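These are the residues of each chain, in order.
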Amino acid sequence: MGLFRKLREKFHDDWCSQCTAEMEPIRRQLYALPAMTVGHYAAHSEPEYYKKHLVPVEKKADIPTGMYACGITAYRCPQCGHRAVKLFVFLPVRGEEKGEQTLYFEQGEMDDFLWSTQGAEKVFPSGAPRDLDGKSVIQGPYYH
Amino acid sequence: MNTTEKIKKRNLLYMLVYNVFIPVGMLVLGTALGVALPEKVGLVLAIVSFGLAMAWWAFLGRKIYDGQKSKKIAQLEAEGFVPNHTFNADGCTVIVDQVHGQVALLFRGNPSKVYVRPASALTNVRVDDGRGGAGFLEGSSRVSFLFTVEGINVRVNTFTSNKRWRMDSDYILTGISKADLMVETLVDAGAQAAVR
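Those protein sequences? They're chains A and B, same order as listed.
Residue numbering for the first sequence follows this note's numbering, starting at 1 and increasing by one per position.
Residue numbering for the second sequence follows this note's numbering, starting at 1001 and increasing by one per position.
One chain only, chain B, in its complex shape:
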């Protein structure tokens, strides 16, 4: 459990290796082997490496991240952290331990670290329903909950879309409900931490 190290949402080296070097390396290696090896074998290897690189960008990288995340959560549990509420978002996973009043944060841009803080360290916990537009154009394309921890602003999306939805649409209402629930949970855990 990392309870003291400064929170970093992104590890630039990791992001470069994970998102650029590995898939590009696959492409380069495949192409090099394709040129170096006999015609048919080389062609097959080039196609396979191209497919692997695309799969990495599309879902393999995400799968590996999910696997790492599960291991980290299991490790946390083994150390006594009780994951009462877990919210898996695209860029961040927030895990709330209501028993001990703690919050664990795992960022997709820096998955090798899990930051555990007392929930009372989270300030400015709120919901942003993303409401915008006027009249019949009023709607939202993103609902999220936000908080500040050690001066770092964290936004966790509960709903995102590439188009604007009416505020009473099922998607928006579900996103708001999830965000409201998480904010309430975080505030409760903060009160619990303050008592301890």
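Only chain A is shown next, with the shape it has when bound in the complex:
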């Protein structure tokens, strides 16, 4: 199942998990994830975490340097009507994307967030991101 999911993420992220038909994207939205900055990434899979921390933005350029971002795409299958939400967490770096995690929510877990105005009023401070306690320690370099 894990392998199938990974292959689907890689090659057919828009396939319906019920009937394997190609799903139609019905909504796309870019979000900033101010709670996560470079060097401090921790994987989360709970929808509640993202509902609490995502801040909608218009374009990648609005996301401060070093802050993680999240692209959400809502899909609907034209054949069986199945709906799914794909959440892709990445670090925007000079126009490139360093992918971290892709999550699929197929039970409507993100619907209340995605289709409501929740989070629309959230704003994050401009300039370099700061951790919640006002202190940030970045470790580097890595040796490989």
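Keep in mind the hints are simulated off the structure, nothing from the lab.
All the pointers check out, no bait thrown in.
Between beta-carbon pairs, the in silico distance windows are:
1. B:F1050 <-> A:K52: 53 to 63 Å
2. A:A61 <-> B:E1150: 29 to 39 Å
3. A:K10 <-> B:K1163: 20 to 30 Å
4. A:W115 <-> B:K1113: 51 to 61 Å
5. A:K6 <-> B:R1196: 44 to 54 Å
6. A:A61 <-> B:G1132: 21 to 31 Å
7. A:G99 <-> B:G1133: 23 to 33 Å
8. A:G99 <-> B:R1010: 36 to 46 Å
9. B:G1133 <-> A:K10: 24 to 34 Å
10. B:L1146 <-> A:E22: 40 to 50 Å
11. B:G1133 <-> A:R8: 26 to 36 Å
12. B:M1015 <-> A:Y49: 43 to 53 Å
13. B:N1011 <-> A:Y49: 38 to 48 Å
Calculated Cβ distances over 10 Å to all of chain A for the following chain B residues:
14. K1008
15. L1013
16. I1022
17. M1026
18. L1043
19. I1047
20. M1054
21. V1116
22. A1121
23. T1123
24. R1126
25. L1137
26. N1153
Chain B stretches covered by chain A per the calculated footprint, using a threshold of three residues with CB under 8 Å from any CB of chain A:
27. 1077-1086
28. 1179-1188
Just so it is clear, the structure is predicted and the values come from calculations on it, not from any experiment.
Beta carbons are placed, not taken as given, at the ideal position from N, Cα and C, and that holds for glycine.
For chain A, the structure is supplied; the task is to place chain B on it using the hints.
The following block gives chain B in isolation, referenced to the frame of chain A:
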């Protein structure tokens, strides 16, 4: 807080003592005791001293340096410095106080001193992504941010490797992001210092 003394990235005496005299001294002492003491005790002591010297070179020295560094940062905080951003690199630690627009520098080659300067004293702050090679060989093995303070060039590595990585690899992108963030932070702190 050392705000006036000339910045020295390396203290040669410290480096000699720390990296050469202490571990070599352990080896010599162990060997001398091994020869002087009865057979079994001497052998054990020689092995222990050899192990200690290797451990010193491998990680004990680093551990002690990290301990000293933590104490220095705590001392800075007690004196009113606010460490908003700390970047720990292999040869240098850069701590940015965005409240007061100051930067503290702690060098591994001279850990007994912490140099605190207004962030506006840092010039030529930039990122070096280490891009090299052409075509499919294009890549980097080092990403760093650099600045000049009081005529001294400081390079802080955010990523190093013994091989070349593609420019879109996760390691390089992470290194660039860290370097970009630190440069932005230093420039912001410099603007803050100029206002004060």
